[in-house]
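Novice: Residue numbers (my numbering), protein chains in the order written: chain A, 24 to 661; chain B, 8 to 264; chain C, 199 to 484.
Bear in mind the hints are in silico, worked out from the structure with no lab data behind them. Since we're looking at a predicted model, the values are computed, not measured. Hints may be right or wrong, so weigh each one.
[Said to hold, decoys possible] With a straight-line cut-off of 20 Å between C-alpha atoms, the simulated EDC-like cross-links for lysine to aspartate or glutamate are:
no., chain 1, residue 1, chain 2, residue 2
1, C, K222, B, E215
2, C, K335, B, E89
3, B, K252, B, D241
4, C, K335, B, E31
5, B, K27, C, D330
6, A, K343, A, D313
7, A, K643, A, D599
8, B, K17, C, E333
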Amino acid sequence: MLLNSKVPTGPMAEKWEKHKFDIKLVNPANKRKFKIIVVGTGLAGASASATLAELGYNVSAFTFHDSPRRAHSIAAQGGINAAKNYQNDGDSVHRLFYDTVKGGDYRSREANVHRLAEVSVNIIDQAASQGVPFAREYGGLLANRSFGGAQVSRTFYARGQTGQQLLLGAYQQMMRQVHEGKVTLHTQTEMLDLVTKDGEACGIICRDLITGEITSHSAHAVVLATGGYGNVFYLSTNAMACNTTAAWRAHRKGAYFANPSYTQIHPTCIPASDEFQSKLTLMSESLRNDGRIWVPRSKDETRSAGSIPEAERYYYLEEKYPAFGNLVPRDVASRNAKTVVDAGHGVGPLKNGVYLDFADAIKRDGRDAIEGRYGNLFDMYERITGEDPYSVPMRIYPASHYTMGGLWVDYNLMTTIPGLYAAGEANFSDHGANRLGASALMQGLADGYFVLPYTIGDSLAPKLGSDPVPTDDPVFKEATADVEDRLTRFLAIGGSRSPEYFHRELGKIVWENIGMARNRSGLEKAISEITALREEYWQDVRILGNNESLNQSLEKAGRVADFFELGELMARDALDRNESCGGHFREESQTDEGEALRDDENYSHVSAWEWNGIDTPQTKHKEELAFEEVPLTQRSYK
Amino acid sequence: MSQTLNLTLKIWRQEGPNAKGSFESYQANNIPDDASFLEMLDIVNESLIENNQVPIEFPHDCREGICGTCGVMINGRAHGQEIGTATCQLHMRKFNDGDTIVIEPWRAAAFPVVKDLVVDRSPLDKIVEAGGYITAPTGSAPDANEMPIPKDVAESSMDAAACIGCGACVAACPNSAGQLFTSAKLWHLNSLPQGQAERYKRTEEMVETMEQYFGSCTNHGECKEACPKEISLDFIAEMNKDYMKSKVKNRKKAGQK
Amino acid sequence: MTTPIVTTNNTMAKNSAATPLRSKPKQLPFPLNLYQTAVGKKWVMAVTGLMLVGFVFAHMVGNLKLYLGVVTHHGERIYDADVYAEFLRNLLVPIFPETVFLWILRLGLLAAVVLHIHSAYALTRMNINSNDRYESKRDWLAANFASRTMRYSGTIVLFYILFHIADLTLGLIPGYDWHHGAVQSNVVGSLSNPIVAAFYLVANVLLTVHIFHGIYSMFRSLGLNNPAFDKIRQGAAAGISGLILLGNVSFPIAVLTGVVDYDVCAEGVTASEENSCVIEESHDAA
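With the rest of the complex left out, here is chain A:
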């Protein structure tokens, strides 16, 4: 089918206002006649559930956690961007829009990004009114800090736990609706399939994680706010349960999956220490405000960091990019870290890290000031590594963190399946090929508070007067049977290896070949290895226990199975895109200085992939991208 992004016509700065007027509205008295399912209760899901319920819609919210507040949005550390220009340093909606398009390496849809920048100011207002305890200056007004990829200070934060506070604000707002009876909350309930009838989304199939019971739920519209797929790397900053299943199931039912190869590797995470490592912990990007990144110039360096004189330290980011220094965007910082470590300059027992050094900042501002800004992050680091970052530099290394790819959505956040929406990290979003720091929180809340509540009416209004498809319809029965079969199959395979083992192996293949730097032969290897591993999985995975009680292995089984298929698509997408842009770096396409070299002539488009069944690769559809406002340039942070 032809991709229609439904971007409104007219001047960029007026598109969204015009669109809000042009799209269909549902009369307030009629909103209560509609039922909406929201899957996922992170920033996007909780804010959407709360706002839709406030408007009058009947919302059923689903989370597989024991409480909505466990969503991984809670872990975001650094901050949220907004074009408030409180700092009077030249910020504006246009600048935030510009920085985001440029930061996304010109692979995002301009209109979406402009809207994001416009509503960013409303998000801060909303959060403050909910009681989010943002950091304040002494006069009581909001404080800001700067983040990577920006030359203005536009990031609002709550210590090093901004994601937690924003999620609590949205969660609390949603719980008020639960109290009012407007949101029906299903906890410990995992969506295992999407149900469509005549090509339209009409509901979901869920599994109760405590009892194993499979249930059907129907609605007029389904919203997936289920997060990103970074866990395909196995080692990532994601939580253990984060997965792609909800989005992937939708993909298999017809929702195109866009740009899966756009994965973000975050430059400052704690390096892995051994095989048993289960995840990599993020050290907030805000640390790069004060920390200086360096490696020893000598490859055989054995001295401790403190004894290496300045002249023998290679501050590689400061030297290569004078204008942005340590605050270059994430993809640039990550690739540079990989380069120096691959060249043999790595630090730490496994020589797999680089230094993030606060000695100068402590000397300049005093230990108390540094503790005030980063205290909890420093404590976190010390707990994990046993090292004290106030006296020795932190060791960091890039790790998978965010996925810019996701379900393709139009300007209304609707996927290619009518009635199915995707919000937050689950959609292919507004970040293009690279997301700037502090903008994921912004996007999740923008989608949930200020976009979806408007745009969802457009597909609902024509349905006024009709009930959702009843759950005893054959489509539900079929989908239920499929889900039950799959679960039974997993329990019956009786192989020799745990799903954890397979996930770890998949992660290695993906990190090696579809990680920070990709090339043709590596990607082809990845495709064949992943396919082989997937087939082995279905023969040899061992899932013990039963389906009638809590069984985390069984939960994992389905999620890992879906990761295989996604991994294959990621590799295909990366192979197809013969250019480097943002988080997708093809070694064959780089500038003389080793920066990403785009091919705007051939690749200025979104790759949206259509499922063709397990044995046939997906079909690619293109959404051409036009850049009216932001002239295409080579990104330079020098």
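Please build the complex by placing chains B and C on the supplied structure of chain A, with the hints as guidance.
Specialist: Below, chains B and C without anything else, positioned relative to chain A:
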């Protein structure tokens, strides 16, 4: 180079909410001391699966001390022996080779065991549902800088808002009281100008809901020691004050029937 | 025609165990509704506890008069403790008839005791119902012996109080000559019995332990957490309970060692009706 430890683990196993449970003994050998506590359990589970034994269910997710999912009693202390540290942040270098570690789920009448080490903590959400919010419908907010908040008030509110909702306070409390959790949420919102409009109603509703599930606070102070975020007991005093005020203040305004 | 979608009121997940252990009681009018909650009961416990600690402290200070021995009062030679006892019976005379104000104070104390015990009982039951037993041993970090034994120390102290009143106020315990109002004589008579003295000592140690946690706890229960109090809170608890301990424990020891004594033949004491003594030559104490 990291050391390895050989440990004896006594872990509570229970097949379901209505099953009788008991402690089972497991050997955890060659555990690297850089591993986290939960990674140690992963290693044990991998070897159980290899031996065709049903692995141990334990609560976990973010593994960075912020989501509040994890939490078990480790040698009689909620989240283990390190102050201000959640179970997932505890690393094996804090133990010694040859140690025996007893691992039991949170126990409280309001936290029934679901399976093995996993308990149901939904009453905490019920308390938030009863009033742990500020009524601020989307779109109606004034500019964020219109309500200045003194810096120390914002810091104090953030201190209270740092609660991760893990329930360690309830688990540690000899009375299974929910005061630390409830008072933290109350102070977070009650201390802010934005929270004033609903301050007393919120306090009443949340306290009275809390008392439907949990015991009463007699100031043992055990909760704060267990709390991974070291939430202050001062918030409990503030809640006690606010609750009294909420009952005492005649909240019917002049002219209201 | 379509029917509007109806949502249920109980919107928490079916599979959550969020069934309350106890229901919200129907609200009584103010101020009784305060007492219906645990927080309110703790306020009552704190206030009544404060009254009781105040009483115990004043009682201990008053009993120090046992050490003053014989004094001259209105020309009579009489034990100071007995003078004090008479004073108490005559409080606020002639506004009130004799002993009436003392009875008002006693009734106040009685009310405090009843409320303190009832709230303790109700809260203890609530706590026991909210618990689920740990199978493994607990490693306490902050909950100390005092805080964890309040219900036991309180119960034993209650029994001691009943005994103490029966003994010294009502004269129901046999073993010595009890006379109404003869404080010095009664105290010496009662505490000369080593078993009674031992019970008294144990009870007062437990009382101290109880008060120590009680005073510390009272601040938070009353919402007094101003940082200025923080510094004095633990000190106040230790100081006040320590003083009470020292004072109260000294009495039986003083009696058993003869430091506090009742000797009607000493220093020209006016004999009471049941005893007589040859009055010695008066000393300078006239």
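Novice: Against each hint, give a clear statement of whether it holds in the structure.
Specialist: Consistency of the hints with the structure:
1. C:K222 to B:E215: Holds: K222 of chain C and E215 of chain B sit about 7 Å apart, inside 20 Å.
2. C:K335 to B:E89: holds, 18 Å
3. B:K252 to B:D241: Holds - the C-alpha atoms of D241 of chain B and K252 of chain B are around 17 Å apart, at most 20 Å.
4. C:K335 to B:E31: Satisfied, since the Cα-Cα distance of roughly 16 Å is no more than 20 Å.
5. B:K27 to C:D330: The hint holds at about 14 Å.
6. A:K343 to A:D313: Status holds; Cα separation ~18 Å.
7. A:K643 to A:D599: holds, 9 Å
8. B:K17 to C:E333: holds, 11 Å
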